[in-house]
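Here's the letter readout for the chains.
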Amino acid sequence: MVQVVLDPFTLMLVLAAGFSILVIILVVGMYFIVYRKIRVTSAYLCGEDEKDFRRSLSPGGSPMYWGATEVLRKCLKVLREGIHTGFIDDWFSLMIPFMMILVVVAVVISLIFTGV
Amino acid sequence: MASEALLLVFEVIVFPGFLFLCLLALISQWFKRKVIARMQNRMGPTYVGPIGLAQPFADAFKLLFTKELVVNRGILWAVILFMVTLGVCAISASTLLLPIAPLQLMSPYDVFVLIYVLLYATFAFILVGLMSSNPFSAVGSSRYMAMVAIAEPALALSLIASTLVYYNLLPLSIGVTLAVNPPSLFDVVVTILVGISLFIVLLAKGMIKPYDIPEAETEIAGGFAAELSGPLLGMTMLMHDTEIAFLTLLYTFLVLKGPYPFTLASPIGWIVVFVKYFLILFIISAVAASLGRLRIEQALRHLLKYSFILSLAAFAIAIAFRYAV
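Line by line, the protein sequences are chains A and B. Residue numbers are given in this note's numbering: position 114 of the first sequence equals residue 114, and the series is strictly consecutive. Residue numbers are given in this note's numbering: position 288 of the second sequence equals residue 288, and the series is strictly consecutive.
Hints may contain errors.
A few chain B residues facing chain A, derived, Cβ under 7 Å [to be verified]:
1) Met106
2) Tyr109
3) Val189
In short, the hints are calculated from the structure, not lab data. On a predicted model such as this, the values are computed, not experimentally measured, just so you know. Glycine included, each C-beta is placed from N, C-alpha and C at the ideal position.
Based on the provided sequences and hints, a complete structural model is requested.
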């Protein structure tokens with residue numbers, strides 16, 4: 001048994017490197033194992049039907065909010081049906097592309113202004 | 001340099017990392033099931049392999065490779081899978097700090113690295129329940145969160161107290177504390193307190209009776225694992241078993257001083273380590289077979305009274321020793 005004394009920063013780097021190698025191998029392996037055989041069933045909603053559950057959703061809000069909902073009805077409808085479903089993965093599936101677009105826009109703007 | 005890097009990769013993937021830890025975890029699971037079964041006048045795993053030794057391997061293989069993954073719409077299965085895999089990898093990487101690693105790593109203040117890396121598995125357990133879109137899973141996760149809110153600080157204080165004893169060799173190094181042979185006389189006082197505290201933490205973090213409240217089958221349908229199936233359940237069980245195996249191994253070196261009175265340079269030292277390891281597992285199994293499940297508030301009171309306060313006392317004694325010498 002050989003003992004190696006490192007400084008804390010190097011130890012963290014070495015552990016993180018070993019950790020990352022294992023993560024890459026296992027995540028890729030598990031993804032290929034799982035991806036072949038996955039079956040998605042309807043959501044568990046304490047006995048409620050999913051359609052009833054979704055129909056009962058309403059924009060709600062105070063009367064001041066009413067004007068905005070009238071003006072932006074189509075936009076809100078897209079958002080409500082897209083992400084206000086009660087499922088966090090719907091939110092993720094809309095927000096992640098949106099965030100990616102924002103990152104690309106931020107990078108393009110920074111490139112333009114820094115003149116690179 | 002390149003050979004050392006290759007050795008580290010070997011350590012993380014094969015020994016004492018992922019493959020060794022999985023092997024040890026599954027053998028430990030068989031041992032635990034067999035001891036509990038015998039104490040309850042049952043046979044336990046019997047049919048697969050000699051004396052049922054291959055039963056946990058068959059279970060893990062079936063879940064990981066043959067069963068399909070059935071998920072409800074609304075479950076973030078990919079995130080759960082990623083988090084659970086991260087947890088297994090974090091526990092595997094932590095083994096580089098143990099003296100059984102051919103190239104044992106250590107550094108000043110490495111105890112904080114160990115505490116930090118072990119938290120991956122804790123967060124993975126919490127997220128498994130919270131992302132499962134099931135009230136039973138959420139209840140299981142909330143119970144687990146309540147328990148680790150006391151168990152994690154107790155674990156951290158116990159580890160820091162143990163490392164404070166050997167502060168003069170290398171400041172707050174868990175690597176030195178685990179490898180030091182023979183232990184100092186003063187170490188005994190701190191180790192007795194740390195030993196009791198860590199044993200309770202091991203039961204709580206391993207969700208072993210009487211602290212199996214987060215995965216109570218009869219009460220909350222399996223708790224955080226209620227919605228899991230196939231490879232996702234297999235990987236979560238593997239994370240659970242590897243965490244118990246790692247904490248028991250850590251306990252063997254930290255409290256029972258590993259191969260002492262021998263060293264790991266001789267084969268008898270290795271035999272002593274594994275005898276101590278299975279002795280701790282036997283005690284854990286005996287406790288699990290003898291006691292019933294506690295209620296959550298009883299478990300929290302137990303953890304606070306018998307684990308956190310003892311680890312705090314060990315920490316205070318270790319600090320006093322540090323400044324007295």
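Which hints from the list above does the structure break, by number from lowest to highest? 3
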